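Asks: Now for the letters of each chain:
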Amino acid sequence: MSSSGGSEAVALPARQSRRATRRGSAGTGAKAGLAPSRAGRLGLRFVALGYLALLLGAPLVMIFYRTFEHGLSPVWNSITAPNAMHAFWLSLEIVAIAVPLNTVFGIAAAIWLERGRMRGRGLLGLLIDLPFAISPVVVGLALVLVYGRTGWFGDWLAEHGISVIFSVPGMVLATAVVSLPFVVRETMPVLRELGTDAEQAAETLGASPWQTFWRVTLPGIRWGVVYGVVLTTARALGEFGAVSIVSGRIEGQTQTLPLYVQDRFENFDTTGAYTAAVVLALLALGTLLAMNLLTRRAHRRRSH
Amino acid sequence: MASPRPNSAATVALPAPRRARLGSRGTGGLGKGLLGIYLSALVLLPIAALVAKADTGGLSTFWREVSKPESVAAIKLTLIVSAIVVAINAVFGTIVAWVLVRDEFPGKKIVGALIDLPFALPTIVAGVVLLALYGKNSPIGVDVAFTRAAVGLALLFVTLPFVVRSVQPVLLELDTSMEEAAASLGAGPRTVLWRIVLPTLTPAIVSGVALSFARAIGEFGSLVLITGNLPFKTEAGSVYIFSQIQNENLPAAAAVSVFLLACALIVLAALNLLVRWRSRHVL
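Order-wise, the sequence lines are chains A and B.
In terms of the working numbering, the first sequence opens at residue 1 and continues consecutively.
In terms of the working numbering, the second sequence opens at residue 1 and continues consecutively.
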């Protein structure tokens, strides 16, 4: 299986590609088949790689070059700037709350969608997928309309002294919304493939539903869950639009790392912006690596 | 969605299957209640509030907000550029997928892994990355910053993986014997491509296109820095919504949001139907 088919899309096509690559051929190497002339093949390769180089490769190389152009010390100064450190830790804090919430929700919702029998599951699935189809800006706006000062719960929240919008809880909420579907969507196909035989065996042997879940179901789906968690974390760490709206962007208070990138850029501190961008780009590359390793593991298990 | 398998436990001849399976009763009412509350708080209520806000003054107010010159310009720009971008990526995405599956060259694995970069990279970073090469002080002398081309470039970047990733698995599965048979019967590469390969790939290309389009319509982060957000010129729909929120003009923001959301959902549904119709009538 070519590595490319292995690493999967972070969005909806993931389901399709993951299932297909599972069924699909193993082993490396190009597939034969329609064989255009050698010139045609080289031409297509040139077009494909040229397009990727112009759109992905060259800009990525350029940002690393631009960042380290003046040596390491300005980069170090940018990294250790108090606002940068604060933004970094705030991003991690939000991830540390939103990702576990979505993981628990995702596993439960996947089991419910895959194994449940009540009506309305189709609608539920649609609702869970909705954050993929909605602009992050719209997510932010919708949250403001519910939890903001003039929103549906605005008065109630104000009475009880709870601030959601323009503070960290709102940012966690926004992050949780945009990264909601990943764990559900990555766990469901694995759950389907796992089948219910082992669960039923456990059950007939007298295991309680909880025991069955912890000892049979969860070990069976854990790599699907982990894959979903990787995607959720990447998305949560990088979310910009929704968080931008609900944060109020108060420097040193409600500024996550992506918001900090924008702030630095607009204040003509390109080194600061590039440095923060490179940190986020490295995290993204780490995500790709993790995705690849996880997919390879899935293939290895399959071929055994 | 696969329906749950018939309960084979019944054959073990235990007293009527206890149906204590997870999800049926196992998670219990409490679990379902919590799930419902979480989903309502995160998705259902916000969307309801959005639609309610867009509808505050009735349909005429909604329409007035959507048809203001500045919002018309923003919506038009978003829809037209998205359509162009999606068409370009349909062509190049298919070529990239083909090369990744059928071709062999050094470094192919790395290229294959990098395809997902636009998904993994925070959108604001995508904007900065593109500006580093195609912005002011561009080392190759191409400066698209603050132009409509910048809108297109940013959207090309963020929607790149969709078509590649939906075509690739289909191409992997595609049985090459049909192509070989056609070739042995005297069909040239071009005929094989147009009569056999592309028709098989069409549903995958279409679904990739639909997802790309929905994504392009809503894209925000990558546009913020690179387009300059000049009203009537480079201001895309999502950026317009953002500026309306900043101006506390929530009804206008909600109206345009609902309009663009409806566009995205209609395109997704239409292309889905098209694929379904085609698979029933052609194949």
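Since the hints were derived computationally from the structure, they do not count as laboratory data.
There's no promise every hint is true.
Unchecked claim - Only some residues are given here: those of chain B computed to face chain A with a beta carbon under 7 Å:
hint, residue
1, Val-66
2, Glu-70
3, Ile-88
4, Val-91
5, Ala-113
6, Leu-133
7, Ser-257
Just so it is clear, the structure is predicted and the values come from calculations on it, not from any experiment.
Just so you know, even glycine gets a beta-carbon here, dropped at the ideal spot from N, CA and C.
Asks: Out of the numbered hints, which ones does the structure contradict?
Replies: Hint check: 1, 2, 3 and 4 fail, others pass.
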